[in-house]
Amino acid sequence: MATPKPRVKVPKSAKAGETVVIKTLISHQMESGQRKDKDGKVIPREIIHKFACEFNGKPVFSCDMEPAISANPYFEFNAKVNESGKFKFTWEDDNGSVYTDEAAIEVS
Amino acid sequence: MNINRRQLFLLSAGAALAGTGAIGVAPAYADAPAADKRIAEFAGGKAPATGKITLTAPEIAENGNTVPVAVKVDSAMEGDDMVESVMILAEGNPNPDVATFHFTAMSGAAEATTRMRLAKTQNVIAVARMADGSVYMDRKEVKVTIGGCGG
Chain A
899 MATPKPRVKV
909 PKSAKAGETV
919 VIKTLISHQM
929 ESGQRKDKDG
939 KVIPREIIHK
949 FACEFNGKPV
959 FSCDMEPAIS
969 ANPYFEFNAK
979 VNESGKFKFT
989 WEDDNGSVYT
999 DEAAIEVS
Chain B
402 MNINRRQLFL
412 LSAGAALAGT
422 GAIGVAPAYA
432 DAPAADKRIA
442 EFAGGKAPAT
452 GKITLTAPEI
462 AENGNTVPVA
472 VKVDSAMEGD
482 DMVESVMILA
492 EGNPNPDVAT
502 FHFTAMSGAA
512 EATTRMRLAK
522 TQNVIAVARM
532 ADGSVYMDRK
542 EVKVTIGGCG
552 G
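Chains A and B, in that order, are what the protein sequence lines are. Numbering of the first sequence is given in my numbering, commencing with residue 899 and proceeding in unit increments. Numbering of the second sequence is given in my numbering, commencing with residue 402 and proceeding in unit increments.
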């Protein structure tokens, strides 16, 4: 499988105290562990089980995922920004890999 | 023998049906009691009240592989009026758990959207646990045309 590619959408600027909408998407097949291959063997589960978003090191939003989350997991959530800074996004894979992405926001 | 496409389709569909009949129901689907147990664990013994939380999902989902689901909880997200976590459950999936969102004061608003898999027509449940320990629940039936568990 290709390396999962994260994509995030964060507004470039906001007013202090404003609540902004953040959208994230990562390419991942999210193998549920329910499917069988053509020999009837169960394909082992391999999903991203944890997503977290931090702003300047402080937690904003996180999610525990189960196999019932669709392939290429998508999230839309809010963040309240009081100062300029950087959002950091992390996705944790069952196989131990961690995928990260960052986005900066200018607050006036 | 001359088989056209339509007949071939009917034949294979028949074979597939016979196949499932022989094996019985292959995946053990979770049921309402399993989901109720998860709610009780999440709620810490409290009975969930209605209101405050809104679950948005399509009435009819054509493809069970990607069903958009959104939750929104009325909360100021400040001080005591804070949403800690929201759990989403699907009663009719092989495993009722879907996802658990965790919010903080930095979230600004207790709203989140994602996409989930649904195996069949079933109830989807969202349960919110507030910082003061109170629990709210919303439930919605989603009709699924094609199941999304690849079974």
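In case anyone wonders, no lab produced these hints; they're calculated from the structure. Bear in mind the structure is a predicted one, so any value in this text is a computation, not a measurement. Just so it is clear, CB atoms sit at the ideal spot from N, CA and C, and this is done for glycine as well. There could be a bad hint or two in this list.
Beta-carbon label-pair distances, calculated as ranges [said to hold, decoys possible]:
| id | chain 1 | residue 1 | chain 2 | residue 2 | range |
| --- | --- | --- | --- | --- | --- |
| 1 | B | D481 | A | D935 | 44 to 54 Å |
| 2 | A | R943 | B | D481 | 16 to 26 Å |
| 3 | B | R540 | A | S982 | 23 to 33 Å |
| 4 | A | N980 | B | A433 | 40 to 50 Å |
| 5 | B | S535 | A | K936 | 30 to 40 Å |
| 6 | A | K948 | B | A532 | 29 to 39 Å |
Status of the hints after comparison with the structure:
1. B:D481 / A:D935: 44 to 54 Å: With a Cβ separation near 51 Å, D481 of chain B and D935 of chain A satisfy 44 to 54 Å, so the hint holds.
2. A:R943 / B:D481: 16 to 26 Å: With Cβ atoms ~39 Å apart, the hint is violated.
3. B:R540 / A:S982: 23 to 33 Å: 41 Å, violated
4. A:N980 / B:A433: 40 to 50 Å: Holds: the Cβ-Cβ distance is about 44 Å, inside 40 to 50 Å.
5. B:S535 / A:K936: 30 to 40 Å: 50 Å, violated
6. A:K948 / B:A532: 29 to 39 Å: Hint violated: Cβ distance 22 Å, outside 29 to 39 Å.
In summary, the numbered hints that this structure violates are 2, 3, 5, 6.
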